[in-house]
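Residue numbers (our numbering), protein chains in the order written: chain H, 1 to 278; chain L, 1 to 321.
Derived PhoX-like pairs: lysine-lysine, alpha-carbon spacing no greater than 25 angstroms straight-line:
1) H:K276 x H:K186
2) H:K186 x L:K92
3) H:K276 x L:K71
Where chain L lies over chain H, by a calculated footprint (3+ residues, C-beta under 8 angstroms):
4) 26 to 36
5) 40 to 51
6) 114 to 125
Note that these hints are calculated values from the structure, not bench results.
We treat Cβ as the ideally placed atom computed from N, Cα and C, and that holds for glycine.
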Amino acid sequence: MSTTDAGASPTDRAKTSSDSLRARPAGFAHDVASIAGRALRGVPRDLEAVTPPIFIALFFFIVNIATLERVTQSGASGFDYTAFQMPTAILLGVTGVSRAPALVLDVQNGYLDRLLMTPIRRLAILLGHMVADVTVAMALTLPILGLGFALGVRFETGVLGVVAFILLAALWSLTFAGFGYAIALKTGNPAAVNSTFLLFFPFLFLTTSYVPRSQLSGWLDTVASFNPATYLLEGFRSLVSSGWAWDDLGKAMLAIAVLGSISMTMCFGALRGRTKRR
Amino acid sequence: MSDFAIQTESLVRRFGDFDAVNGVDLQVEKGEIYGFLGPNGAGKSTTVRVLCTLLAPSGGRATVAGFDVAKRPGDVRLRIGAALQEAALDPKQTGRELLRLQGRLYGLPKQAMPARIIELGELIDLTDALDRPIGTYSGGMKRRLDLAAALVHNPEILFLDEPTTGLDPVSRAAVWSEVRRLNEQLGMTIFLTTQYLEEADELCGRVGIIDRGRIVAEGTPDALKHSVGADVIIARVAGDAAHLGPVIMALPGIQSVEAHGTELIIAADNGSAAISPVAVALNESGAAVRELTLRTPTLDDVFLELTRTHIERADTTETDR
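In isolation and in its complexed conformation, chain H is listed as follows (with noise of 0.2 angstroms):
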């Protein structure tokens, strides 16, 4: 510590310069505004969160087009495989992807302990962290939607379509974002966040990620019919290729509704649980 300055002391500077600071309550909206600007600082940190799902997302996409396009469009004249294809990629892409991963090491490093010593409001700690998810959902799926306009995909909806179509995927994105806010609260262990990885599985491929509805059968069928993925999934289509499709989208609204309603219950419990200083 520094004593080596000519004239007053460091503390002297300290208590002349500074000994009208004192502290207040920043607010509910700048609380949330603090955290998430902090969390959207780390993703650049983090690369290794939202690099390999983009990577995915591109590489399936353009796999699954080469794979399956001639199988697809051979059966319906007009069936554009590629339009079809996008909003797979999409989930592929932002799915699962939040700064849970960061806030369980909060949890363990002490710097949670911190935060909750401030006078910030505990669920604007929860909040900023999705409002960072939620913007960079929509910036995830950008390069999808570019890779997609270049390969000939072009709205019905236009560009109001393309805007609703990034809403849609970053609610998508925040809602099973919950999960993994909620395991981490719980449990404190990046192990355990790690693994909702598994929850992507049947959400993502028990649906109509790779064929039309109609082309799934048997067993495979029944259970997309209870999986939100498929009604997000023709919600998303229906802005691509239908035009405003409002019963799809109000299907695919509800679906997001009914799992967020699921997974924010759950995060925001853990927190609670997290922080009511039992």
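Starting from the known structure of chain H, arrange chain L on it as the hints suggest.
For chain L alone, kept in the frame of chain H given last:
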């Protein structure tokens, strides 16, 4: 509102069937440096976590800066800063980002933060490292940054939970120096837990010793030291020392004299005052003094006396059953 910076009454913190803190009564004056000593698992950190509002009391009552920690935790948080046992830092943030975020969360004006960060950087001698990721800092640098984070908002009361554990002697001395300055120049109340008795002796106006969740002794370091016994003067002479005992015993302020071969063990009320007359008396008696040492009780003696006594008593009770 309490007149004390920190006050607890029969404070209890229970984990299942285990009482980590079991009826602690504390009264820490405003502007005081209070040391909280105890062995591992004695309840020091649990007490701090209750006082910092991270844990709710299971029983009793605690007020910090005049506010009840259970009923008004938000008011407490605005008035305290804390550096807990493990430096609570995000290794991927830079030091500047961490301090800026702390300032934002404490509602400090945005325009005041650059200057405040410069001041804190100088205070902890980390100005050159503030733009580096915290993960690249040494243990001592992390400790100092943790302290700066606790000070961003000029808290009234600073909690330091084993602030120098793991630090090298130079860094430890630097932390001591800053703790003194914060207390003397800013009037900050400091509640400090430590396992280093020397640290408590060096810094604290009063010390409380906690063992098994209970305060077993409290007072100024000097009073505590005197409570376990007198100062001891050890004189080593050429030849048998037994015949010198009555000569020394006749001196004022001497409590007892024991001779062991060539050694005299002299207990005195005030060793510093007695050592000179003892030397003169030995010389006048014709004794060739080889060595004369004064040993005053340390807080180590207090600590060992109290905790050993406690353990022995517990063992006895166990046997009696």
